[in-house]
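J.: Single-letter residue listing:
There are 2 protein chains.
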Amino acid sequence: MERKQEVSKAVIQRLPRYYRNICELKAEGEQRISSKALAERMGLTASQIRQDFNCFGGFGQQGYGYNIDKLQEELGAIMGLRTGRTAILLGAGNLGRALLNNFNFSASGFELLCAFDANPQLIGQRFGGHEVRSADTLVEFIECNKPDVAVLTIPRGDAPRIARGLVERGIRGLWNFTGEDLHLEGLGVPVENVHLSDSLMTLCHLVGAADEKREQNL
Amino acid sequence: MERKQEVSKAVIQRLPRYYRNICELKAEGEQRISSKALAERMGLTASQIRQDFNCFGGFGQQGYGYNIDKLQEELGAIMGLRTGRTAILLGAGNLGRALLNNFNFSASGFELLCAFDANPQLIGQRFGGHEVRSADTLVEFIECNKPDVAVLTIPRGDAPRIARGLVERGIRGLWNFTGEDLHLEGLGVPVENVHLSDSLMTLCHLVGAADEKREQNL
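Each protein sequence line maps, in turn, to chains A and B. For the first sequence, the positions run 1 to 218 when full-length UniProt numbering is used. For the second sequence, the positions run 1 to 218 when full-length UniProt numbering is used.
Pulled out of the complex, with its shape left as it was, chain A reads as follows (with noise of 0.2 Å):
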């Protein structure tokens, strides 16, 4: 599967939610899947799902619906789960063993390989299998394993300088928790932030439409 040169950002964030709805299908049993099925089910139009399929070059032949398996593989090789890259975890607190403990990094493409942290009372623990080891060593472990990305839960004030350091010593991609914007736009290195704020005002809003709902129809 040849990929075409600047698929739209929009196209690419929809990739991991078509490839999860179509490992839950798996999951479920089912073999075969029609664009119209599947787009009732991530609330797309089934015209949508075609032209997003097409950037690819298209995965299904007219009629027949998408075979789950050739789609799981496809979608999955686009998106380079299978290519064995790997990550390192910055900043073991909370939100950091959270990840540590229960986050399948594997499914979502990346090997972690350990943790960081400054604190001597979590230096040497391991959560989920994983050791955090002194941020003293960051450096070294960087030039003598080069990981692909690194995971940002550290505090926000010192993520910009901290993601800097890390580009120059040759990390490929951040996952940002920080909240903080890196300013790393022109270095050529994809961030993705995850804001949980976002998500967060959505629901309000939404809860406060379904409200209005209600109300109406009483």
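Quick caveat, the hints were computed from the structure, so don't treat them as lab data. A portion of the hints provided could be inaccurate.
Identical chains share a label here; the pair holds if one copy fits it or two copies do between them.
What the hints assert, rightly or not - Under the rule of at most 30 Å between Cα atoms (straight-line distance), these lysine-lysine pairs were calculated in the DSSO-like manner: (1) K213 to K146; (2) K70 to K36; (3) K70 to K26; (4) K146 to K26; (5) K213 to K9; (6) K213 to K70; (7) K213 to K26; (8) K36 to K213; (9) K36 to K9; (10) K9 to K146; (11) K9 to K26; (12) K26 to K36; (13) K36 to K146.
Position chain B relative to chain A; hints supplied.
T.: This is chain B only, laid out in the frame that chain A set:
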């Protein structure tokens, strides 16, 4: 500002991003911004921004740009950020504690009342000023205090059953970190799912795309 009926989900999900960028602009000391400048900052088009804002009656005057204070206030009002809604958190494990300690609930429109857990070692402890209460007292608490929404940071297997119980007792929205589909469609109770894996898969894809680009430029 009257809310027009049935604004699309895509627009609603962009509102928090608008709001966040406007808050950042305000913090940077800006007072006014054009749809063009806002579009560039956010990676959208100016016409999309005008179209989105028109769903709510529009906030600007042609040629004058948007007043940042006013836009912040109006976007906040649309999302209902100052309506004093309340939340409880279920599950004070690492992720729950990370939210209790660090997440600014009130900035996203909710007063967090307290947390619940079944672990006796956690009950009575406070994190970020929020008390952890016994899960045995949850039903009574909901009846007395009528919280609007619940944050689910419990293990995933239990989530659909517990979510259904919460809704039966009057909870009107769920912020779902469990990764489990809660199957509440049709009950009129909005659910915001936080799928961290979607974000990491997107990063995986972007790192691959950036690598390809670098190789082509060599």
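J.: Now look at each hint and say whether the structure bears it out.
T.: Here's how the hints hold up against the structure:
Only between protomers do K213 and K146 lie at most 30 Å apart by alpha-carbon distance; the minimum there is 19 Å, versus 54 Å within a single protomer. When the C-alpha separation of K70 and K36 is checked against a cutoff of 30 Å, the pair qualifies only within one copy, where the shortest distance is 18 Å, while the shortest distance between copies is 42 Å. In this assembly of identical chains, the alpha carbons of K70 and K26 lie at most 30 Å apart only when taken from the same copy (11 Å versus 48 Å across copies). Taking the shortest alpha-carbon separations for K146 and K26, neither the intra-copy value of 35 Å nor the inter-copy value of 39 Å comes in at or below 30 Å.
When the C-alpha separation of K213 and K9 is checked against a cutoff of 30 Å, the pair qualifies only between copies, where the shortest distance is 15 Å, while the shortest distance within a copy is 33 Å. Proximity of K213 and K70 under a CA criterion of 30 Å is satisfied inter-copy only: 27 Å between copies versus 42 Å inside one chain copy. When the C-alpha separation of K213 and K26 is checked against a cutoff of 30 Å, the pair qualifies neither within a copy, at 36 Å, nor between copies, at 33 Å. With identical chains, the CA atoms of K36 and K213 are at most 30 Å apart within one copy only, with a shortest distance of 28 Å there and 34 Å across copies.
In the homo-oligomer, the alpha carbons of K36 and K9 lie at most 30 Å apart both inside one protomer (23 Å) and across protomers (19 Å), since each shortest distance falls under that limit. Proximity of K9 to K146 under the C-alpha cut-off of 30 Å is restricted to the intra-copy arrangement: shortest distance 27 Å within a copy versus 41 Å between copies. In this assembly of identical chains, the alpha carbons of K9 and K26 lie at most 30 Å apart whether taken from the same copy (26 Å) or from different copies (27 Å). In this assembly of identical chains, K26 and K36 lie within 30 Å of each other by CA distance solely inside one copy; the values are 17 Å within and 44 Å between copies.
In this assembly of identical chains, K36 and K146 lie within 30 Å of each other by CA distance neither inside one copy nor across copies; the values are 44 Å within and 40 Å between.
Of the numbered hints given earlier, the model fails hints 4, 7, 13; all others are met.
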